[in-house]
Amino acid sequence: SEIKDIRKSQNTTLEEEDYPFYLDPMPNLYFTRDPGAVIGHGLTINRMKT
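Residue 45 in this note's numbering sits at position 45 of the sequence shown, with consecutive numbering throughout.
Mixed in with the good hints, there may be bad ones.
The calculated label-pair distances, taken between Cβ atoms and stated as ranges, are [stated by the list, open to error]:
1) His41 to Pro20: 28 to 34 Å
2) Gly40 to Pro20: 31 to 37 Å
3) Met48 to Asp24: 25 to 31 Å
4) Lys49 to Tyr22: 33 to 39 Å
5) Pro20 to Thr44: 29 to 35 Å
These are calculated hints, taken from the structure and not from any lab test. All C-beta atoms in this analysis are idealised placements derived from N, C-alpha and C, irrespective of residue type, glycine included.
From just these sequences and the hints, can you work out the full model?
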């Protein structure tokens, strides 16, 4: 599996830190329903009107 096991001792360490997330949030542009696209080194944001 790609996700490593988290032992109880590691989990309590994560809970004690001030960072509220276990994983970093993913930007909305990663989801296909969003109107953004990467072209080369640029970004285009389009309307979702058909």
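The hints, checked one at a time:
At roughly 32 Å, the beta-carbon separation of His41 and Pro20 lies within the given 28 to 34 Å, and the hint holds. At roughly 34 Å, the beta carbons of Gly40 and Pro20 sit within the given window of 31 to 37 Å. In this structure, Met48 and Asp24 meet the distance hint of 25 to 31 Å, their C-beta atoms being roughly 26 Å apart. At about 37 Å, the beta-carbon gap between Lys49 and Tyr22 stays in the expected band of 33 to 39 Å.
Roughly 32 Å separates the CB atoms of Pro20 and Thr44, a value that falls within the hinted 29 to 35 Å.
Of the numbered hints listed earlier, not one is contradicted by the structure.
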